[in-house]
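Participant: Chains A and B are the protein sequences, given in the same order.
Quick note on numbering: the working numbering labels position 96 of the first sequence as 105, and the sequence is numbered without any gaps.
Quick note on numbering: the working numbering labels position 161 of the second sequence as 170, and the sequence is numbered without any gaps.
Hint data in this document are derived by calculation from the structure and do not stem from the laboratory.
Heads up, some of the hints might be wrong.
[To be verified] EDC-like cross-link-like pairs, simulated, lysine to aspartate or glutamate; straight-line CA separation at most 20 Å:
1) B:LYS47 / A:ASP96
2) B:LYS210 / B:GLU173
3) A:LYS106 / B:GLU117
4) A:LYS47 / B:GLU218
5) A:LYS106 / B:GLU131
6) A:LYS56 / B:GLU173
As a plain string of letters, each chain reads:
2 protein chains.
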Amino acid sequence: MIKTFLALAGKIVEKRDKENLKMSQQPVSKNIHWHHGKLTAEAREDKLKQKGAVIWFTGLSASGKSTVARELELALVENGKNAAVLDGDNIRHGLNKNLGFSPEDRTENIRRIGEVAKLFCETNVIAVTAFISPYRADRDLVRQLLPAGRFFEVLCDTPIEVCEQRDPKGLYKKARAGEIKDFTGISAPYEAPLNPELVLKCGTETLEESTRRVLQLLSEHGII
Amino acid sequence: MIKTFLALAGKIVEKRDKENLKMSQQPVSKNIHWHHGKLTAEAREDKLKQKGAVIWFTGLSASGKSTVARELELALVENGKNAAVLDGDNIRHGLNKNLGFSPEDRTENIRRIGEVAKLFCETNVIAVTAFISPYRADRDLVRQLLPAGRFFEVLCDTPIEVCEQRDPKGLYKKARAGEIKDFTGISAPYEAPLNPELVLKCGTETLEESTRRVLQLLSEHGII
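Using the sequences plus the hints, can you model the full thing?
Facilitator: Below you can see the structure in the form of C-alpha cells.
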C-alpha cells in the first residue's frame, strides 16, 4: 500500500517536473498580447486606471512643504495611486546637481523640475513637488507646460516667524548672521501666488488636516 | 393615480437631492486612510504591484530604437504595467531643449535622461529610453545610477547599410553630403556596448519578435 503510494507520488512528481520544465521553456512573453497602434493619453488612463497631475507646493523654507508632500505621497500610494515626491533630496543631488543658487540657476532648476513633473503627469503619475520656488514667473511657466486641470499650486502659508522658530536645519540663523546670502524671506524675495488652487495653514493646521485638504482638492477635480 | 405618482416621484427626487447634498458635503478624503511613517521602496512595490526598471535602447539612427520602444510601451501598458518612453520627441523639445550636439552637450543630454529614468524607476515605472547614446562611458554612468538588476541595455544591432537605406528623415543623405556634421556612424563614432543585456536584430527580426524578446527579458528578471 505504502509502496504503491510512493510509486504513484513519484510519478506525480515526475509529471509535475516535466510540466514545470515545459512551462519554463514556454516564453512568458507568449502570454502577453497587445493591439498594435498608437497609445493615446485616454487609453493610458483607461488601462492604468489613474490620471496624472502635478501638485506644486510653494512656500518659505521650513513652511511644511516637504512634510505635507511626503504625507500626501504616502496616503496616495497606500490607496493604490502612484504618486512621487520631487524635492531637494532627489533633485539637487541628481538631475540638478550642476546648478547653484543664482537667479538664473534657480530659474533653470524650476524649469527642469517642471519638465520632469510634466513627464510624470503624462505617465499617469501624481507628481508632488516641494521646492521654495520663490518666483511667480517660474511657477507660471510650469503651469503653462501642463494641461488645464492637471496643475495644482498649493501655498504653504506659514508665517515667517513660525518658520524661523522651527528652523530645523539652522538656515534662518545662518541667514540672519549673514552667512547665507540670498535667503528667501530674509535677503531674497518670496513672491506668493496670486491664485493658488489651495492655501494650507501649515502653522496651525495638523499635518493630517493639511493632507486631507489636498486629497479633497484632488477628489473634487476628478484626479482621484 | 398620476397625481399620487408625481407626488411620490417628487418626494423621491427631493430625498435623493438631500442625500446627494449630504454626500457632497462629506469630504471624499475622509474615506482615505493611511498609516503614518516612511514609504519604503518595498512598500511602494507592494502597494502598486509594480517594479520600476530602465530599458535603455542604444543604436544608430534609424536602427529601430523608437519603434521597438513604443511597441514595448504599448504591450506593457495594455497589460496594466506602467511604462513610459523617453525619446527625442519628449526630451529634446522639453527638458533638454537648451542642449545642442557638441560632445559636452551630448554627455549632459544622456546624464539628464539617466537621472530622469532613475526617478521613473524609483516611482515604479518602467522607463523605456530610445536615444542613440553613442558613448559607452555615458551609458555606463547611467547604469551606475541604478540598482543592480534594474538597468537593461538593449542594442538595436542593425547594419548601417540597412539604417542608411531606411533613412526616414533623410539624415544619412544630409550627413553624406556634409550638411550634417558629427553624424553618428558617418562622421562621429558609435561605441557599441560590450555586455548588453540583449541584442536585437532589428534589421531581420519582426517588430513583434523584438518586442517579445524584451518582454521575455523583463519576465526572466522578475520585473513583469
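Participant: Could you run down the list of hints and mark each one as holding or not?
Facilitator: Against the structure, the hints come out as follows:
no.: 1; hint: B:LYS47 / A:ASP96; verdict: 15 Å, holds
no.: 2; hint: B:LYS210 / B:GLU173; verdict: 16 Å, holds
no.: 3; hint: A:LYS106 / B:GLU117; verdict: 12 Å, holds
no.: 4; hint: A:LYS47 / B:GLU218; verdict: 18 Å, holds
no.: 5; hint: A:LYS106 / B:GLU131; verdict: 18 Å, holds
no.: 6; hint: A:LYS56 / B:GLU173; verdict: 37 Å, violated
Consistency with the previously given hints fails for number 6 only.
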